[in-house]
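Chemist: Take a look at the letters that make up each chain.
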Amino acid sequence: SKNFLEKPAYSSLSEQIVANKDGVNYLLVGAYAALDGSGTPTSSLGGGNAWEAASTNWVYGSVAGGDAHKGSEGTDQTPINEIAIWQPNVANSFFNTKWRAVYEGVARCNNTLRLMAQAKDMSDADKLKVTAEARFLRGHYYFELKKMFNNVPYVTETTTDPLVPNDVDIWPNIEADFKFAQANLPPTQPQVARANKWAAQIYLAKTYLYQKKYADALPLFNDAIANGVTSNGLKYQLTDNFEDNFDASKKNNSESVFAIQMSANDGTNGIANANMGDMLNFPANFKCCGFYQPTFDLVNSYRVDDNGLPYLDDYNQHAVKSDMGIKATQPFTPDNGLVDPRLDWTVGRRGLPYHDWGYFAGSTWIRDQSQRYAGPFATKKMVYWNYNKDKYMDNNSWAPGTAINVLLIRFSDVLLMAAECAAETGDLGTAMGYVNQVRSRMKDHPEGWVHDYKDPANPIQGFDPAKPLPYYKIGLYTAFPDVTYARKAIRFERKLELAMEGHRFFDLSRWGIADQVLNAYFAFEGAITDDVKGGHFTKGRNEYFPIPQRQIDLTLKNGQPVLKQNNGY
Amino acid sequence: QTKVTGKVSDKASGNPLPGVTVYVKGTNRGTATDPTGSFTIQAKSGETLVFSFVGYDPQEAVVSSGAVNVQLAEKVGSLEEVVVTGYASQKKKDLTGAVAVVKVENITKQPTSQIANQLQGQVSGITIVGTGQPGQEPQVSVRGKNTFGNNTPLYIIDGVPISNLADVNPNDVQTMQVLKDAGAASIYGARAANGVIIITTKRGTGKVKVQYDGYYGTQRPQGGNPFHILNPQEQADLLWMATRNSTAAGSTPVFDDVLYGKGDKPVLPDYIYPEGAMEGDPRVDPSKYYLIPDYKDPGLLNSFYRINKANKQGTDWYHEIFKPAPITSHNISVAGGGDIGSYFFSMYYFNQQGTLTNTYNKRYAVRANSSFNITDHIRVGENMEYSIIQNPQIGILTEGSGIGMAFREQSIIPVYDIKGNYAGTWGGALGNARNPVAIQDRFGSTKALASRLLGSVYAEADIMKDFTLRTSFGGEIYSFNNHSFTYPEYENKENTSVNSYTETTGNGYDWTWTNTLSYHKKIARDHDLKVMIGTEAFQQVDRTLTGTTTNYFSFDPNFTSLSSGFGTPVNGSGYGSNTLFSLFGRVDYSFKDRYLLGALIRRDGSSRFGANNRYGNFPAVSAAWRISQEEFMKNITWLSDLKIRGGWGIMGNQINVDPANAFTTFTFNKATSFYDMTGSTSNLATGFMQGRIGNPNAKWESNTNSNIGIDATLFRGALEFSLDYYNKRIKDLLFNPELPGVYGAAAPPYANVAEMKNHGWDFSATGNIQLASKLKLTLTGTFTSYKNEILKISESAPYFERDTRRYGVAIIRNAVGHSISEFFGYQIDKFWDSQAEVDAANNAAKAKYPGLSEYQQAAAPGRFRYKDVNGDGKIDAQDRTYLGSPNPDFTYGLNIGLTYKNWDFSMFFYGVHGNKIWNQVRWWTDIYGSFNGAKSKTALYDSWLPDRKNAKAPIQELKPNFSTSDPPTSYYVENGSYLRAKNLMIGYTFPAYMLKRVGVEKFRIYAQAANLFTITKYTGLDPEITGNTDSFGIDEGAYPNQRQYLVGVTLNF
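Protein chains in written order, with this note's numbering: chain A, 1 to 569; chain B, 570 to 1622.
The set of hints was computed from the structure by calculation and includes no laboratory data.
We treat Cβ as the ideally placed atom computed from N, Cα and C, and that holds for glycine.
Some hints could be false.
Incomplete in silico selection of chain B near chain A, CB under 8 angstroms [what the hints assert, rightly or not]:
(1) Val827
(2) Gly997
(3) Asn1140
(4) Tyr1144
(5) Ile1170
(6) Gly1174
(7) Ala1240
(8) Asp1245
(9) Gly1256
(10) Phe1257
(11) Ala1576
(12) Thr1598
Kindly produce the complete structure, drawing on both the sequences and the hints.
Modeler: Following this line, the structure appears as structure tokens:
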């Protein structure tokens, strides 16, 4: 009989079954779930290793921007080496993996919108909510692609042939999505993970900022700074403790404008939802693997003068003493000059408390114990605490996962973006005010600086408020004499405040100074460590990463690729 | 009763034949002819005399009055042999398609439980690549590669297609034939493209026969230092060498290593953990030793106090995990038959322990075949085998396996620490390899039990005259259960710290119901017509269930189950079903036994395709001309038979198409589409994502196949050969090409996008030479070749890649204009021998390309100079090229058999020629900077140095770079040709007179050596490297085929 040959697709859902209110809402959750770029078991969405598409952009923003070394050993994850010295190969799998993972995010947004159009049981109000969130997310995914690759193909829920060329600037499309989201999202949301109106407004302003449309961006930033609230209804403000932004137990606080929600021990028996993209980025004595080591250049940036202000130009002349080349078994005394207190929340360095794990022990916590490869420092912001690790650390893989949220935009970033817009539009006073607002958080809350342990033999008991460390000072700017100085101060403040958060290279690129900054960095850092020796950034080419060769090769139409390689690659 | 006399002579020469056995049918009266060919026997008129003689066709004659003079005809080769083809059987001389008949007595000499392994080299047209892992199914391809997916042929046992051949008892095989071209195989339509292998199992005849076959042997891992690994002092010396090489010219090298000190010469420490400690170091305090190997709290991992001594002599990791191992096989069969029917019963026990610890294959099987002649015209019967298999397997040729770690774990690391717990790379100075002994010991918790019932029932009736109706219902039902425990690790640099238990179970069945009606008529003397029509229905159903739980209070295997762990259980199940319905027919006609014609067609409907293109038709025609039957050839006496065959047809393939291919589907997964919407840290909200992109228009691929062949029998059967040339072109090849990222990550559908072709030669020959009166030599040779070429991948891509390993870019590129699975990367031209050479190249490149900083990234003396393949004056990704193919030019086999009196001797050689192997092991071991781990003698003694420019390996440096280890290069490509003595056997059969007294019919004992030697230039463990259809030939630590020594007996009652 005919039925004998009719077999359905078992254990799966058809479009008809999904195209209704509940199904569309589940698709929307799926679109959020793509934010972390991670699939299963340790791969990215669309294949490739999880770290190649990490949502933190630790490779593309921070390693490529001079904040951090790749770390570990020279022989591990070698495709990053060429990215770190800006000799990227078009065939490098990292770019392809990132591309695929982010486009899967786009596809989930588009599927949500496409099936929503077929749903019969959704009111216009329902549809508006879903559309606004889906378009917000799509705006984010395309923003990622735009800042990475510049020339990218743009597909939407109505595209029938996805093989579209990458020869059209997509900033207007990104603006349109964020404008729609800003106009239609509610100011608060029943679930904290969802984007709200203010997040959309800020992302729209950030979109303007990246296009240097400062005058369009500034009022949106100003409005958000004055009136904005988080999705869970907290008025935007800086947390008293800087570290709260990186403590899983303090997530979704008043500084969290838009965050990727990370979960640990969530029943998956894996770390796919636990910031898997950063699974390599822990000191070598943790489960794994000693990647992502801050640079000397970054550490030296935190040196302050007697006023607690940074050395904007010659910070590397005021180097912070390190244990480079000194074994953990040999004695070492930490630098006793003054530094910005944010340093020790950003960088693990010898002799100082590393959260509640004990004093950073030096070479034994570094994968290459000679430290010649990538220096003596360890990453810190996205590392979990010992006392609450049972809840916030996930052991279900050979490397750790954590429930620390990835903050795509936090409020101090907003203040500094606003400062930039103000400075570029000539309002230096407002600009300085925003910068000082960021600095004041540290200045006004010395209780939030790293302290010595209550019991050094038992660091898990935490810091002793009565034992401040003598190294820290931070002061406020008293004047921005001209726009050049203002620009320099604001840009330096972004470096200090947002270090190791995946922003640095994209900032350098849009400022047009990546060649000067990075070539100076290669000259300085390359004289100390082996990994970035011979690095060179080529202006006019390296502002963007190459379009993955694989993607070009996959898009032949009549024998000719639809996608074109970026200039200079 | 009277005395009957007569004479027997040779039909061809007329010479008298002495020694011919003559007996009266149905009695025990018998005699033999004398030297003049005459005989005398007591017989009644009307009784039948039977004449039989070795090498001649038997003949019967009815006694009447007068002398009985008989002429016996010499058997001419194997022409009269009956060959089972699709739904029919034919005499070999009548075949029009390309069918290879396997010499079962040759293949069963291979001591393995796997029929597919036994076939290697024994039949032309099949390429088989196996491994040394007990029970692992080899990669089998009939006439090249026909697909990018599953290329396994269709196996038919006693008329029923089966899902795999691995479970079938090789001792039960009666006949085996391979249908190679469309003319033979297209009767299996949609499943024919990969070739069809038809097996029949034994049946009984005559009086009760009991046979016992058994052997016992030992398997010996190769000796020496198979990976050429350095001892600890050499490894340290290499580090010093690499440090010197990595020091800028003019600077003084700084030696400072946590293990080997700071001196000009490295000094081995007494302890590797605490790192670099010498005896007396206060860090080494055995009283503080603290390690709980079965720890449950992952937090304890950092609190252990470990003490690992340096093994200054060096640990031989290869031989710590590869040990001599026994192999045993016992098989008993009982068979008999008569007018009312027949029976065959067998029992099989096989136990092969792997040379790699904790791998093994244990099998138990029983078979019962029977047939009953209900009337003269109605026959019914059944075939059945039940088997039980215990065969846990490791993943081979991958980085994480125990074998893969045996060349990465440095020799200074001892197997155990000072208290007998595992030692390893903990501490970090020794890389991140994992202890291979620990991996294999822990693998011991993996248990596998599978069972399968396989068989069929049938009924056959001769209706009217000339018609036979047959119905057969058969199939298989199977189940399996695998479970394993993941122990927490503590000894390695990177450790799994959560214990877990995983269990997978599954079952399934498939059935085939076949009905055929056949007609056979001889019309007049010259016409022979056979017609067969049939219908077939097939269904396959399978289910799996899998679960994992973590966090066990006890690791006792009697305690661990999915329900006894504290962790959240994660489970899953799968269900699948697919069906086929088919109509088919075939016609075979012969005229004067001289002109032969075959035509067939099959129409298949498959549930794997959408309604638009559900049915496909697969026709084939073939013809043959037995030239030797023509009058003008009859006087060529040395040519006994000569036949030319030709065929054309279309075959299909559907197994690679997912049953859900036609559907766009949505799915969900906690790890991938769920999200913590509330910021709870642990509660995930449901989310969906697209699972598949559907293609309702996928249709049948068409594998158009033409074949031309010659079969010849020379010198009255002393020499027979068969030669075939074939050409296959696969159009509308079903493939699921990778889609560009803009499509998202949903599974791409199979579409009829690709195109491929294969052509090649098959040749086989058999010779029987009587060297002396009691000395007989038998030779069988086979030759197989295929040339594969990809003609198209998809509309939007000219290639697809596979297998990235540690390079970040793929090693294998399947590209249009090339054969499947070719290696791709940079071709090494030579070494950069001086800085001047580097500077000259850079200057030339900079002159041509302003802004370019280097001719070749990271070029420096002692590193590889890559070939500028596109000749554009710089080295970049466009200079990557095809570096070789793992497809052999040809494979060949040679069986040599000698019998002298009661002694028999046989040898079997198998060879592969012209393939390349990607020796990924050398990436790990030959270049210091590739990855921290054990290195090879080549790295230390045969690497480039300013005073050693004529070297094999590049300069040894601390860091990787683009010009040595970063990209795939031709350094790893090696010649994979080899010639292997697969089998050498010497046997003795006791004379019958000695055995009669104890009631034994036959008693043979033998000694045997398998895989005795291999002649090859390949430097890895074993040149036989398997893989997937579209990505094979990459060696990252093979499970080698080991030498085996066995003794065995055959006993008949």
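Chemist: Kindly indicate which numbered hints from before are broken by the structure, ordering the numbers from low to high.
Modeler: 3, 5, 11 and 12
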